[in-house]
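A.B. asks: For reference, the chains in residue letters:
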Amino acid sequence: VGQTASSTDSVEELSGTLKKIHDSGTVLIGYRESSIPFSYLNSRGEPIGYSIDLGHAIVDGISNELDGQTLKIKFVTSETRIPAVLNGEIDLECGSTTNNVQRQKQVAFSPIMFVAGTKLLVRRDSPIQSFRDLAGKTVVVTEGTTNQEAIKQIADKFAVQMHVVSCKDHAESFEQLVSGKVEAFAGDDVLLRGLLAKSRAPDDFAVVGEFLSYDPYGIMFRKDDPQLAQVVNRVFHEMAQSRELEYTYNRWFLSKLPSGETLNLPMSAQLEEIFRALGAPD
Amino acid sequence: MQKSGHLTLYILLAMILGIVVGFACHSLWPDPKTAANIASYISLVTDLFLRLIKMIIAPLVFSTLVVGIAHMGDSKTVGRVGLKTMGWFITASLLSLALGLVMVSILRPGENLGLPLPDVNATSSLKTSSFNAKEFIAHLVPTSIFAALAGNEMLQIVVFAVFFGLAAAALGETAQPMIAIFNQGAHVMLKVTGAVMKMAPLAVFAAMASIITTQGLGILLTYAKFMGGFYLSLILLWGLLILAGFIFLGARTARLVSMIREPFLLAFSTASSEAAYPKLLAQLERFGVSNRITSFVLPLGYSFNLDGSMMYCTFATIFIAQAYNIHLPLGTEIVMLLLLMVTSKGMAGVPRASLVVIAATLTTFNIPEAGLLLIMGIDQFLDMGRSATNAVGNSIAAAVVAKWEGELEPEPEDKPAITSLPAEA
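So the protein sequences, as listed, match chains S and H.
Heads up: the first sequence is residues 1 to 282, going by our numbering.
Heads up: the second sequence is residues 1 to 425, going by our numbering.
Careful: at least some of the hints might be erroneous.
[What the hints assert, rightly or not] Pairs of lysine to aspartate or glutamate, EDC-like flavour, derived with a Cα cap of 20 Å: (1) S:Lys20 / S:Glu46; (2) H:Lys84 / H:Asp74; (3) S:Lys137 / S:Glu175; (4) H:Lys33 / S:Asp282; (5) S:Lys72 / S:Asp53; (6) S:Lys137 / S:Asp204; (7) S:Lys256 / S:Asp203; (8) H:Lys33 / S:Asp203; (9) H:Lys33 / S:Glu89; (10) S:Lys152 / H:Glu405; (11) S:Lys157 / H:Glu111; (12) S:Lys198 / H:Asp31; (13) H:Lys33 / S:Asp60; (14) S:Lys157 / H:Asp119; (15) H:Lys33 / S:Asp125; (16) S:Lys19 / S:Glu46; (17) H:Lys225 / S:Glu210; (18) H:Lys76 / H:Glu405; (19) S:Lys152 / S:Asp125; (20) S:Lys20 / S:Glu89; (21) S:Lys256 / H:Asp31; (22) H:Lys54 / S:Asp282; (23) S:Lys74 / S:Asp53; (24) S:Lys105 / H:Asp119; (25) H:Lys33 / S:Asp204; (26) S:Lys181 / S:Asp203; (27) H:Lys33 / S:Glu261; (28) S:Lys157 / S:Glu210; (29) H:Lys345 / H:Glu333; (30) S:Lys137 / S:Asp156.
The hints are simulated quantities; they were obtained by calculation from the structure and are not laboratory data.
Being a predicted model, the structure only gives us computed values, none of them experimental.
Throw the hints in and build the complete structure from the sequences for me.
C.D. replies: Put into structure tokens, the structure is as follows:
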């Protein structure tokens with residue numbers, strides 16, 4: 001009895017994004033073109049990835065909330081993610097967006113679905129196991145990335161005398177390491193794994209050390225929308241409890257990607273704890 | 001006793017072997033994916049063990065508590081025992097929280113931390129599931145006993161069992177056969193526990209091996225200052241709890257400590273307080289705590305007297321403040337302690353509750369919540385110490401309340417060998 005009452009209530013009092021979706025029958029999902037494996041285009045030009053899968057799950061959750069209404073998904077890409085969410089071009093932004101305090105002033109985020117961060121890529125036989133071993137060594141970063149900032153801060157704060165060089169793009173930075181011109185490459189964990197997966201000899205290299213910076217990712221949606229926030233949170237809790245979050249993670253980070261490479265990136269201890277707090281069984 | 005002693009030895013050996021094998025696997029397969037794969041197969045044994053324990057807990061709590069309450073007889077006795085229990089819990093909570101605060105202030109593990117800090121603007125977004133006192137209180141009462149049993153909802157089971165036991169006692173003779181059946185049920189569950197415990201060394205081995213295969217031991221060095229400080233504080237807390245026990249129980253405390261070694265090691269290696277529950281219940285009864293008291297104090301303690309988890313709350317919160325160079329005046333620290341006194345009571349049944357409580361505390365006091373990402377990296381290792389401490393705290397709570405109620409008997413299963421112990425009534 002209680003259930004019927006509550007679901008009729010919710011349909012009558014729909015507001016915000018849920019009302020918009022109910023009226024239009026369409027969910028607008030924002031995607032990125034090449035944010036592997038979070039959100040990118042497959043060979044047929046369709047958006048796929050870890051974040052896109054989570055987006056599909058949220059759409060199912062919304063459909064349940066709307067008494068099983070069939071919903072269409074329209075994929076939208078935008079250069080400016082936050083304005084697109086704010087002006088209603090995008091309902092759910094499924095990319096690789098860092099959830100931080102400044103952004104929280106403008107938009108809302110799902111529970112954290114990934115913890116990215118700066119790590120070091122070195123040759124497997126390298127003596128470098130952490131940033132402390134970088135003294136007197138040369139490390140490469142890609143120009144204009146947050147990793148560049150992170151490595152500079154580390155060098156200052158812990159007074160590690162290292163030589164930092166920078167390259168225009170990631171491929172070039174990686175080439176510096178392969179050719180032996182530098183001893184380490186500081187970059188985003190997931191990006192380094194991606195470069196390794198595509199390289200000819202992935203086993204010659206290893207990603208080492210603790211996080212040198214932390215970037216927690218979330219699905220972005222409009223702020224002050226309690227109904228949508230509730231659905232998103234519920235979907236994440238249910239997916240954690242049924243281990244579906246873990247399976248989805250493994251599918252994109254441990255199994256072979258549709259494009260053939262394998263990232264080989266097990267869940268970080270941080271993400272494991274976050275999923276447990278969402279109700280994932282031990 | 002002989003047998004129990006052997007089991008403890010096996011568990012200890014299994015633990016050491018687990019560490020060695022885990023370390024070997026970690027060094028042999030440095031590839032994280034292979035290591036994760038191997039660990040997931042090893043941990044199957046632990047999963048199986050923990051599932052067996054979970055299978056035991058609801059029927060064990062329910063049957064022992066119904067019998068216990070029915071024997072207490074009237075609501076007045078139950079109320080009195082309840083008050084004494086809560087009195088002890090509040091004292092122990094204050095002690096644990098305060099000790100965490102004092103130790104972290106003396107040791108200052110967060111200062112000059114040799115680790116990169118998460119950006120102050122990062123977030124763990126754990127605080128969203130904040131505690132709501134209204135909801136928590138409403139949640140105490142089950143809408144269906146079967147739902148409570150099915151979900152292993154300890155507090156809800158306690159509430160129903162108290163009603164059920166009191167009603168049965170009020171009916172007197174009429175309900176006796178039913179109480180007898182529950183009594184038999186409790187014994188059957190304890191027998192099942194005995195069988196499941198045979199698997200304990202294997203589970204302990206697997207738990208240690210799998211965590212070290214994935215995480216390695218290097219991480220312990222990275223966080224050495226924090227880990228060392230926390231474990232030192234835990235050891236001090238054990239000392240204080242045992243001392244408190246000694247004041248009430250006298251020389252028998254030593255016996256109690258030696259009897260709970262096994263549940264202690266179990267909780268430690270599996271990082272699960274629950275894993276210790278059935279064995280703890282059995283050992284406390286062997287120690288002479290009447291089942292009226294254990295069956296009541298223990299499940300309540302699992303919700304309200306998680307001493308290790310509470311100490312962690314103050315320790316970790318101040319640690320993060322220190323790491324970010326935020327100085328909290330003493331007044332603020334005391335307000336924090338009192339707030340945690342309340343919020344930490346909502347920990348029952350919330351997964352990874354201490355992290356959620358800490359997240360909420362951090363935001364309340366404007367300490368960067370991002371700091372949580374730092375300690376999340378090693379929470380598994382910290383949870384081991386917390387769980388083991390929770391087991392110690394609750395066994396002492398049960399023994400003290402029993403003594404206070406005059407329900408602490410000499411060890412019932414004492415064979416001639418242990419007659420030298422003073423018979424206290």
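A.B. asks: Take the hints in turn and mark each one as holding or not.
C.D. replies: Comparing the hints with the structure gives:
Of the supplied pair hints, the one linking lysine 20 (chain S) and glutamate 46 (chain S) is violated, its CA atoms being roughly 24 Å apart against a limit of 20 Å. Our distance criterion of 20 Å between C-alpha atoms is met by lysine 84 (chain H) and aspartate 74 (chain H), whose separation comes to about 16 Å. The hinted pair formed by lysine 137 (chain S) and glutamate 175 (chain S) meets the criterion: a straight-line CA distance of about 17 Å does not exceed 20 Å. Our distance criterion of 20 Å between C-alpha atoms is met by lysine 33 (chain H) and aspartate 282 (chain S), whose separation comes to about 19 Å.
With a C-alpha separation of about 15 Å, the suggested pair lysine 72 (chain S) and aspartate 53 (chain S) falls inside the 20 Å cut-off, and the hint holds. For the hint linking lysine 137 (chain S) to aspartate 204 (chain S), the alpha-carbon distance of about 19 Å falls within 20 Å, and the restraint holds. For the hint linking lysine 256 (chain S) to aspartate 203 (chain S), the alpha-carbon distance of about 16 Å falls within 20 Å, and the restraint holds. For the hint linking lysine 33 (chain H) to aspartate 203 (chain S), the alpha-carbon distance of about 12 Å falls within 20 Å, and the restraint holds.
Proposed proximity of lysine 33 (chain H) and glutamate 89 (chain S) is contradicted: the alpha carbons are some 39 Å apart, above 20 Å. Restraint check for lysine 152 (chain S) and glutamate 405 (chain H): not satisfied, since their Cα atoms lie roughly 64 Å apart, outside the 20 Å limit. Simply put, lysine 157 (chain S) and glutamate 111 (chain H) have alpha-carbon atoms about 13 Å apart, close enough for the 20 Å limit, and the pair holds. With a CA separation close to 17 Å, the supplied pair lysine 198 (chain S) and aspartate 31 (chain H) stays within the 20 Å bound.
Pair hint lysine 33 (chain H) plus aspartate 60 (chain S) does not hold up; C-alpha atoms about 31 Å apart against a cutoff of 20 Å. Simply put, lysine 157 (chain S) and aspartate 119 (chain H) have alpha-carbon atoms about 14 Å apart, close enough for the 20 Å limit, and the pair holds. Taking the CA atoms of lysine 33 (chain H) and aspartate 125 (chain S), the gap is near 19 Å; set against the 20 Å cutoff, the hint holds. The straight-line distance between the Cα atoms of lysine 19 (chain S) and glutamate 46 (chain S) is roughly 27 Å, outside the 20 Å bound, and the hint therefore fails.
Between lysine 225 (chain H) and glutamate 210 (chain S), the direct Cα distance comes to roughly 16 Å. Compliance with the 20 Å bound is thereby established for this hinted pair. Between lysine 76 (chain H) and glutamate 405 (chain H), the direct Cα distance comes to roughly 13 Å. Compliance with the 20 Å bound is thereby established for this hinted pair. A C-alpha spacing of about 25 Å is found between lysine 152 (chain S) and aspartate 125 (chain S), which places the hinted pair above 20 Å, so the restraint is violated. Only pairs whose Cα atoms come within 20 Å are accepted, and lysine 20 (chain S) paired with glutamate 89 (chain S) is accepted, the gap being roughly 12 Å.
Pair hint lysine 256 (chain S) plus aspartate 31 (chain H) holds up; C-alpha atoms about 16 Å apart against a cutoff of 20 Å. Between the alpha carbons of lysine 54 (chain H) and aspartate 282 (chain S) the distance comes to roughly 12 Å, so the proposed pair stays at or under 20 Å and holds. For the given pair, lysine 74 (chain S) sits about 14 Å from aspartate 53 (chain S) by alpha-carbon distance, which is consistent with the 20 Å threshold. Straight-line distance between C-alpha atoms of lysine 105 (chain S) and aspartate 119 (chain H) comes to about 17 Å, which keeps the hinted pair within the 20 Å bound.
Taking the CA atoms of lysine 33 (chain H) and aspartate 204 (chain S), the gap is near 15 Å; set against the 20 Å cutoff, the hint holds. In summary, the hint linking lysine 181 (chain S) to aspartate 203 (chain S) is supported, as the alpha carbons are separated by about 19 Å, within the 20 Å threshold. Only pairs whose Cα atoms come within 20 Å are accepted, and lysine 33 (chain H) paired with glutamate 261 (chain S) is accepted, the gap being roughly 14 Å. For the hint pairing lysine 157 (chain S) with glutamate 210 (chain S), the CA-to-CA distance comes to about 16 Å; that is within 20 Å, so the pair holds.
Taken as a hint, the lysine 345 (chain H) and glutamate 333 (chain H) pair is honoured in the structure, with Cα atoms around 18 Å apart against an allowance of 20 Å. With a C-alpha separation of about 15 Å, the suggested pair lysine 137 (chain S) and aspartate 156 (chain S) falls inside the 20 Å cut-off, and the hint holds.
When each numbered hint is compared with the structure, violations occur for hints 1, 9, 10, 13, 16, 19.
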